[in-house]
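Read top to bottom, the protein sequences are chains A and B.
Under our numbering, the first residue of the first sequence is numbered 1, with each subsequent residue one higher.
Under our numbering, the first residue of the second sequence is numbered 1, with each subsequent residue one higher.
For the record, the hints were derived by calculation from the structure and aren't laboratory data.
Check the hints yourself; a few may be wrong.
[Claimed, not checked] With the Cβ distance kept under 7 Å, some of the chain B side facing chain A (calculated, not the full set): (1) P112; (2) I116; (3) L132; (4) Q153; (5) V170; (6) M314; (7) M338; (8) L340.
[Said to hold, decoys possible] Stretch by stretch, here's where chain A covers chain B in the computed footprint (C-beta under 8 Å, at least three residues): (9) 7-13; (10) 199-213; (11) 228-240.
[Stated by the list, open to error] DMTMM-like mimics (lysine to aspartate or glutamate), calculated; alpha carbons at most 25 Å apart, straight line: (12) B/K10 to A/E312; (13) A/K307 to B/E168; (14) B/K359 to B/D347; (15) B/K3 to B/E270; (16) A/K59 to A/D188; (17) B/K10 to B/E270.
Remember, it's a predicted structure, so these values are computed and weren't measured experimentally.
We put the beta carbon where it would ideally sit given N, CA and C, even for glycine.
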Amino acid sequence: MVAIITNMLSMCIPFSVALLLASLGEMFNQRAGVFNLGCEGVMAMGAFVGMLIPFLAGKGGAVSQWYNVLGFGAAALLGALFGLFFGVITVTFRAPQGIAGIGLQMFGVGTAGTLFRHFVGGTQSIPGIPDVDIPLLSEIPLIGDIFFSHNVMAYLAYLFVPAAWYILFKTYWGLKIRAVGTNPRAADSMGINVSLTRYEALVVGGALAGLAGAYLSIAQAKMFSDTLISGRGFIAVALVYFGHWHPLQIMGGALLFTLAQTFQTIVQSMGISFPYELAVMLPYVLVIVVLSFTSRNQITAPSALGKPFNREIRT
Amino acid sequence: MTKSFRIAFKVSIIAVAAIAAILIASIILWMIGADVSDTFYVIIFEPLTNMLHISEVLIRAIPLCIIALGISVAYRSGIINIGAEGQMAMGLLAFTGVALAFPDVPRPLLLPLAMIAAMIGGGIWGFIPGILKAKLNVSELLSTVMLNYIAAQFYSLCLRTIYLDPAEQVYGTGTPQSMRLTENVWLGRITGRLHYGIIIAIVLAVLIFILMWKTTMGYKMRASGSGARAARYGGISVGFYLALSMAISGAFAGLAGGVELAGVHRRAIEGITNNYGFSGVVVALFGGLHPFGIIPASFLFGLLIYGSTLAPTMVGVPANIVQVMQGIIIIVIVTAQMVLSNAYFQDRVWRRYQALRKKEV
């Protein structure tokens, strides 16, 4: 029993990275006032490209770690491009963000699936990235397994949490992001370029979503399939609500949801006669329950969230 | 601003939007090394070349039309229902349940009963996000997507356990599917696989038109959608109509599942929903959220969906291309609508145009 719980907890951190990165990206988008529901599609594209580069380089065999780095880089770049594209739709053309996000999601998932069938074909695995044991710390019993023997990306992602907090609350750029998401007209009158700032936030958010997708394919599943993302993009959006648009609370949410997801592997490994499908459902049910309890206190929400800004029209 | 200019402006914006959509799709096709014009031909014109293909297109248009009608009701009431996929799955489950439970009840009774069960199943699944939105302000976009995943898991759980075909247990091939449903719930077929669901779809379109534009209830729903605060001031219970419109929307998606099951598959198998729920959103938007626009739009998208199943064998393009196209179409439609409704932009183009004309004179 102790072994199983340790196992579950030690899976928690590496498995939460994709959710964490994607929802931090979405947090930047929403803090700037843009509701990007296309996160799922961007993650799918990132996952595909991230997997494609090491796969093509090694034909499924072992590759130099630099190709994995290149994969992450390409995924981030592609995600940034998608963010830019979404910016053109929702910031420049001021299209309604919810439905445009659905369009972006279908476009991303569909494109990733189409390109995957052409360039890769069936289920192909890649070597992925190895775990790095931090010297000394990883030898502490229990805690070492849970916190200090994961892959590099997991450490980087968790180091990014305080960095995101610092960027959002302590830098000028973060202040601009929060200003255009809270009161774009006031920001505009202070000489902040609202559209440009929103574009920047979308590019950063897209790049993070792309990285999250690439993490899923390169480090976690070590392959790509149509169902790889399976709603993680939407859960990431929900996590931003759950975490009240704050990086640290989002991190807590990501860990909580990953715990719910690892529950299914526990069910399988323990061999209890518990319907597998019910275990898979758990995180999705949790999202609805959590949203029902947190959506009421929307005082913390950026007040211009989802509202396109038009300089020419007085509101 | 002359009237002919307004029309020319509208037409040219729509043309630019269409060209942009085709261009983006072409780039994706070019990336996978496919012959772009051949692919478009196979997807759009090949399905029209013989009667067999046309009836297959119509079969796909039926669920699309019914689902899109439901989605348009919700959209007009100010709530975007992207959970039709899950609502359809719940409808399928309810329909199968009734058909399996009462195989001996005569057809005139059992078929309507099963259809009503399908509507209730889908309706409940649609009501949940509706009431959550109305009472707790939960984003319907997130809750419906989550309910999709839950319904999909629940559907396969049911197929694997309580609905499992007894013959499967004997032979043990392990295919999760129900037994062939009793003939008492079958919908008749007109020709080939084309079934009478097509008449149901058209009748429903007329009913939705009457409901939304000729009754007080429809007026109240549209009022809550176009201006919730004004509607509330006018004494309309916006929350109630939100939840009601979602329940109707879900009931339609459930009914689409029932019709599909009774007309085409006649046993519950995996993959009946076939992404119709998401395609329905595109059909509803493309049809201008109006029943008489949705009927031709559902034919067009039935064409695309069937054409894309021909694409892998004929031109070596994966069938996922239809999802790409649908995504682009949604984006282009919402963008073009914003440009068209932007009076400032139109005015600016008009002034530019007049300045050009003066120069020429």
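A quick look at each hint next to the structure:
no. : hint             : in the structure
1   : P112             : violated (31 Å)
2   : I116             : violated (27 Å)
3   : L132             : holds (6 Å)
4   : Q153             : holds (4 Å)
5   : V170             : violated (22 Å)
6   : M314             : violated (15 Å)
7   : M338             : holds (5 Å)
8   : L340             : violated (11 Å)
9   : 7-13             : violated (count 0)
10  : 199-213          : violated (count 0)
11  : 228-240          : violated (count 0)
12  : B/K10 to A/E312  : holds (22 Å)
13  : A/K307 to B/E168 : violated (54 Å)
14  : B/K359 to B/D347 : holds (19 Å)
15  : B/K3 to B/E270   : violated (53 Å)
16  : A/K59 to A/D188  : violated (52 Å)
17  : B/K10 to B/E270  : violated (44 Å)
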